[in-house]
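Sequence lines, in order, name chains Z and L.
Residue numbering for the first sequence is 1 to 181, as defined by full-length UniProt numbering.
Residue numbering for the second sequence is 1 to 337, as defined by full-length UniProt numbering.
Hints were generated in silico from the structure; no laboratory data involved.
Don't take each hint at face value.
[Unchecked claim] If you want a taste of the chain Z side facing chain L, the calculated C-beta under 7 angstroms gives, among others:
{"id": "1", "residue": "Tyr-95"}
{"id": "2", "residue": "Pro-149"}
{"id": "3", "residue": "Leu-171"}
Heads up, the beta-carbon is just placed ideally off N, CA and C, and yes, glycines get one too.
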Amino acid sequence: MVSSPLRWPLRSLLSSGNRAHLTPATWSTLTSSPKTSSRSWRKEMMDLWPAGRAARRILVRFRPRLRASRGRGCWQFVEEAALDFARRHPGVVLYVSPRPCPAPLLLAEYLNGTVREELVASKSGEEIARLAAKLADQSGLDIIRIRKPFHTANPSVQGQWHPFTNKPSALTVRGPRLPPQ
Amino acid sequence: MSKRRGAGVQACASPCGRGEGARGGFLPERLQLARSSSRQVAFPQLRGFRAAGRPKLAVWDLVGRSEKPNWDYHAEVQAFSHRLHENFSLDLLKTAFVNSCYIKAEEARRQGLGLDKEAVALNLQDNTKLSEQGESFSRSYLTQCFEGAYPNLPAKGIGALVDFLNSQELVSYVAQNLSIQDLTLCAEFPVPPNVLQRTFFAVIGALLDSSGPEKTGIFVRDFLIPQLIGKDLFEIWEVINPMGLLVEELTKRNISSPEPRITRQSGVNTVLPVYFVGLYCDKKIIAEGPGETLLAAEEEAARVALRKLYGYTENRRPWDYSKPKQGWAVEKAISSN
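Bound-form chain Z, shown alone (with noise of 0.2 angstroms):
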């Protein structure tokens, strides 16, 4: 399958001692359907995780055959961005996957579930590779508009306002002085 002298870079690329980031593979599936997120949901992800870059692993999908005008942009990031970008993100794991396809695309698997896909038909192999690394360091959540630009735990120091603070309590009696004890 990959045998013109056009694909030698390639199959080196994929036979090089890097293996560990850049396998090809059969067709991929996506994993199990995204969480539903609601906001809050969203917010207390960002506080829970520390471990920063959520994507888990990204695959490439795109035709061989197709070297000019769509698939172009593929293999253009294959053979020259994709082991940078598999140094560049060690915790993300780069599956390639150069199959017969209806269009090229970038697959995107993330620790929550969420997976995104993204056509990278007509982009040059710059762009991919940009897309890529844009890919590699979201976090899995929906994007959706961010209400507000900041969020706390602690919303509250000297304890939340009810209609009773600030008024005096039944005990405050108004009377004559006490006698001194």
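Given the structure of chain Z, go ahead and fit chain L onto it with the hints provided.
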């Protein structure tokens, strides 16, 4: 159209083969049935035309990620350790993911396939020892952390906090979000929470053996202690008689027992009354709590007083995640194991 697409599901005859340690090789037999049906699996996540009207391939939901294509176990394990910014020794880490139920199931399967005894025996060590090590380390480390941070909290309270942080639910939640359920070798899918808990502790045990107690302590602190954010003490620690406990605590500190008084009330004759009961020791207020009935308000006031005494109020200083000092009680952690 579907036949051509279906052919694409076939195992990839890639010249470079798959990485070592990948499970399953090419598509396992039971999934070859899927070949003839539509290759495009319609997932709920897919938006757009591909999602419309394609049959869902239910068989994909029955198997773990490791049985689906695009999986290199060794690479995934390496990426796992890099993602956590920890240096694991990979052998220990791989051992940590092996569960005894997996070994039994695999041996039974091999026997069922008719292999002879030498081929049946798997040369895999399971993770029970690592898991016990990890669990005891995590308990002792967390106990020490809490004893240092909340010196007034009694042993039962600290025990309750540590039990909560090591409970199956919480630990399996943390493990799932670290993608341990993909890497763990287990007989069943989806991985049951007790297996996830055991595997997580085994990972901690592996880290303990690879990097030492200090780094492991930081790891435990970073992943388990944030789960306490937003939680109240008495949500975690069930106390049936807070007033009795309060009286005990006050006698230990030589303070007279509290007298409850109504400080505020509203809507007494309605369906939604609210009473604020204040507890006074020596005529000085120690706590005030609201409730729908007088008894409930008194109990709540007792709980507020206990929270103040133990230093576990909502406005306490947040947990200190800065680097621990050198020579922290590492020796204590080892000796208590």
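Results of checking the hints against the structure:
no., hint, in the structure
1, Tyr-95, "holds, 4 angstroms"
2, Pro-149, "violated, 19 angstroms"
3, Leu-171, "holds, 6 angstroms"
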